[in-house]
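**Student:** So the protein lines, in turn, are chains A and B.
As numbered in UniProt numbering, residues 1 to 382 make up the first sequence, in order.
As numbered in UniProt numbering, residues 1 to 382 make up the second sequence, in order.
Read the hints as simulated data drawn from the structure, not as lab findings.
Heads up, a few of these hints could be off.
As the list claims (entries may be wrong) - Straight-line alpha carbon distances no greater than 16 Å define the calculated EDC-like cross-link-like pairs of lysine to aspartate or glutamate that follow: (1) A:Lys-29 - B:Asp-21; (2) A:Lys-29 - B:Glu-20; (3) B:Lys-29 - A:Asp-321; (4) B:Lys-29 - A:Glu-20; (5) A:Lys-344 - A:Asp-321.
Claimed, not checked - Reference listing, derived: stretches of chain A covered by chain B, where coverage requires no fewer than 3 residues with Cβ under 8 Å from a Cβ of chain B: (6) 224-233; (7) 253-259.
All of these numbers come straight from a predicted model, not from anything done at the bench.
Beta carbons are placed, not taken as given, at the ideal position from N, Cα and C, and that holds for glycine.
Number of protein chains: 2
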Amino acid sequence: MSSQQNHKLCMIPGPVEFHEDVLTSMSTKATSHVSPSFIPVFGESIELLRKVFVTEHGQPIVVSGSGTLGWDMVASNLVEPGEEALVLNSGYFGDSFAACLKVYGAKVTEVKSEIGDRPTLQEISDALSTKFKLITITHVDTSTGVLSDVKAIAELVKKKSPNTLIVVDGVCSVGSEEIRVDEWNLDVVLTASQKAIGVPPGLSILIASERAIQTFKDRKTPVPSYYASWAHWLPIMHAYESRKGMYFATPPVQLIYALNTSLKQITSTPLETRFEQHKKVSDQVKNVVESLGLQFVPKSREVAANGMTAVYYPEGIQPADLLQKVASHNVVIAGGLHRAIASKYFRIGHMGISVTEPERKHIDNTIAALTTSLKDLGYSGK
Amino acid sequence: MSSQQNHKLCMIPGPVEFHEDVLTSMSTKATSHVSPSFIPVFGESIELLRKVFVTEHGQPIVVSGSGTLGWDMVASNLVEPGEEALVLNSGYFGDSFAACLKVYGAKVTEVKSEIGDRPTLQEISDALSTKFKLITITHVDTSTGVLSDVKAIAELVKKKSPNTLIVVDGVCSVGSEEIRVDEWNLDVVLTASQKAIGVPPGLSILIASERAIQTFKDRKTPVPSYYASWAHWLPIMHAYESRKGMYFATPPVQLIYALNTSLKQITSTPLETRFEQHKKVSDQVKNVVESLGLQFVPKSREVAANGMTAVYYPEGIQPADLLQKVASHNVVIAGGLHRAIASKYFRIGHMGISVTEPERKHIDNTIAALTTSLKDLGYSGK
Chain A
1 MSSQQNHKLC
11 MIPGPVEFHE
21 DVLTSMSTKA
31 TSHVSPSFIP
41 VFGESIELLR
51 KVFVTEHGQP
61 IVVSGSGTLG
71 WDMVASNLVE
81 PGEEALVLNS
91 GYFGDSFAAC
101 LKVYGAKVTE
111 VKSEIGDRPT
121 LQEISDALST
131 KFKLITITHV
141 DTSTGVLSDV
151 KAIAELVKKK
161 SPNTLIVVDG
171 VCSVGSEEIR
181 VDEWNLDVVL
191 TASQKAIGVP
201 PGLSILIASE
211 RAIQTFKDRK
221 TPVPSYYASW
231 AHWLPIMHAY
241 ESRKGMYFAT
251 PPVQLIYALN
261 TSLKQITSTP
271 LETRFEQHKK
281 VSDQVKNVVE
291 SLGLQFVPKS
301 REVAANGMTA
311 VYYPEGIQPA
321 DLLQKVASHN
331 VVIAGGLHRA
341 IASKYFRIGH
351 MGISVTEPER
361 KHIDNTIAAL
371 TTSLKDLGYS
381 GK
Chain B
1 MSSQQNHKLC
11 MIPGPVEFHE
21 DVLTSMSTKA
31 TSHVSPSFIP
41 VFGESIELLR
51 KVFVTEHGQP
61 IVVSGSGTLG
71 WDMVASNLVE
81 PGEEALVLNS
91 GYFGDSFAAC
101 LKVYGAKVTE
111 VKSEIGDRPT
121 LQEISDALST
131 KFKLITITHV
141 DTSTGVLSDV
151 KAIAELVKKK
161 SPNTLIVVDG
171 VCSVGSEEIR
181 VDEWNLDVVL
191 TASQKAIGVP
201 PGLSILIASE
211 RAIQTFKDRK
221 TPVPSYYASW
231 AHWLPIMHAY
241 ESRKGMYFAT
251 PPVQLIYALN
261 TSLKQITSTP
271 LETRFEQHKK
281 VSDQVKNVVE
291 SLGLQFVPKS
301 REVAANGMTA
311 VYYPEGIQPA
321 DLLQKVASHN
331 VVIAGGLHRA
341 IASKYFRIGH
351 MGISVTEPER
361 KHIDNTIAAL
371 TTSLKDLGYS
381 GK
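The shape of chain A in the complex, shown without the other chains:
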């Protein structure tokens, strides 16, 4: 595998660098999805997810799919045609979540912000009313690196419209940003495997509160999806957690082994430590970006994520040139994704082992590659 020998550090906002033990789990030999060796691995992974999401009774659901599938699960299981959804939009992923909700018949109201900003609590409060079945918050919009204040928004919703379900898109936040399902009264937090969870892409992972499950059970209309329907997945999750095999669709066995390995690593240190580490490394990266005189996509560091950094190219630097130059130093960073400014900025991911295991020097190498590359391209800084 020549690609392995010339490996370039993958410092994009997902997929992130994976631990060697996680990769070894990915190559677990063929194992039956209902075998005595696999069942406890899946069962334990479900239990460990509760720890990562800080919930006692939330129901983890793990399905073969991309993170995107989590939107379908929310939209098809929790919304009935004609019901109202309030979408807080801080970038590309807010747009897409809104589009997904509409496909399943939701009437969507969006609270949009300028690129690099997030809806203010006042704007959210103004838009919020008891007519909304659910509100969605993109915790970190991977396209802009903007961080939402989930805790404050959840408190606001509890006060102003306590029956509104609180749904968090945590694809780019779970494992890197503080998130507490029970304490913050969240109803769904959805994520994917390939970011701070530290597992190759291919798992759609979510937690549903007891209230969310009840809402699903109380539906008056049938779930308008087959693959995404919780009617199929809940019995599977219950079965594996009680250490029994059961079949709906073949689970992605190797990815579940990898998930188990990574969740054990994640839960081996206090989550508080993990979040602090991500904050500290984020500060380190952002301090360098500032010292280079570059401009963040988020309008301030207060609204910036801790697991990634989105930065405008300095004037005169061509996107392809910088990305290629950085790659020539064996570090891969990402281009822009938000349609309106895609060619104007780049993104650096700093999540998972790149953050929690500083001895790997991923962050140092990334900073060095970026700094040198800018210099090579003739950018002299501020």
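Following the hints, position chain B against chain A.
**Tutor:** The following block gives chain B in isolation, referenced to the frame of chain A:
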């Protein structure tokens, strides 16, 4: 990884045993889904899939998900509410495909057969009419091991109702049974990675004919799914095939590397040879089963699959006893799956490298484990 040292041969009808190089690809280090190293791997895999499905212009679609997701793709992209679908039912998977089609608004007519049998051409002809938007055929029903004669059915449909789309569930057949998309005029063949494709579970793979794509494009109503909508996936497939990166949802990078490795292996010998090998090994296994005096679930060998064998337990043998005894000889075979007879039969998978690389002795070891186990349990044969 202790599970690796005590590996038991996985001889169930999927997941099958995986080649070492495929497993090595599964542990490919983190790689950006839009990087110059990954894009050609995905692009080439799309091209290689055309060879495996024997089609020139069919459109491969590869999505993160279980095989089940293929039903959602068919039902949500090709059927509009109120349209008619004819489902040929030869087991559990026919039931489920019908259920999926109904979720998306299809009016489903089923042609059912007795367990172990398949609808006859006469029964299909009697049920078939031009009112059907599509007909679905389970090529091999994994629950019963019954093989359908796709070629003959497709010819019948072309004669009697040429506008009806022909959809084949090839989850348990692609790579082990002869299937020719263009020559047989098939419109969709869907499959999954973990059977004769030889890649760990987590990929939903299908081929759509130009006519199927046109049917999708001509829809009068919006696609009632977000994740399964071809509107999102077709541009992605086109982009990667033309060696460009594009984003809808993060592809399962490691699984795609593994797919690429396996497809190269599969296409390195003529498909005819591959199908012959599967027939020969199937005969070998079935001859042993017969010589032991055991009864097949399929009513005759003519309607039995070549990639698996479903067998009733002999009288007096408890299901758990036999499966455990076989496992004690380091071979895993599967219990029953069809609800009506689940506790009465077992299933052996013989697909992929276990068939094409006889030097591995997987088949010999499986036959020995089964024969010895039956003897150990006091079964003396006919």
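**Student:** Against this structure, judge whether each hint is valid.
**Tutor:** Results of checking the hints against the structure:
1. With a C-alpha separation of about 11 Å, the suggested pairing of A:Lys-29 with B:Asp-21 holds against the 16 Å cut-off.
2. Taking the CA atoms of A:Lys-29 and B:Glu-20, the gap is near 9 Å; set against the 16 Å cutoff, the hint holds.
3. Proximity of B:Lys-29 to A:Asp-321 is assessed by CA-CA distance (about 24 Å); at most 16 Å being required, the pair is judged violated.
4. For the suggested pair B:Lys-29 and A:Glu-20, the alpha carbons sit about 9 Å apart, so the restraint of at most 16 Å is met.
5. With a CA separation close to 12 Å, the supplied pair A:Lys-344 and A:Asp-321 stays within the 16 Å bound.
6. Counting residues of the region 224-233 of chain A whose C-beta lies closer than 8 Å to any C-beta of chain B gives 6; at least three are required, and the coverage claim holds.
7. Only residues whose beta carbon comes within less than 8 Å of a beta carbon in chain B count, and the region 253-259 of chain A has 3; three or more means the coverage holds.
Checked against the numbered hints given earlier, the structure breaks only hint 3 and satisfies all the rest.
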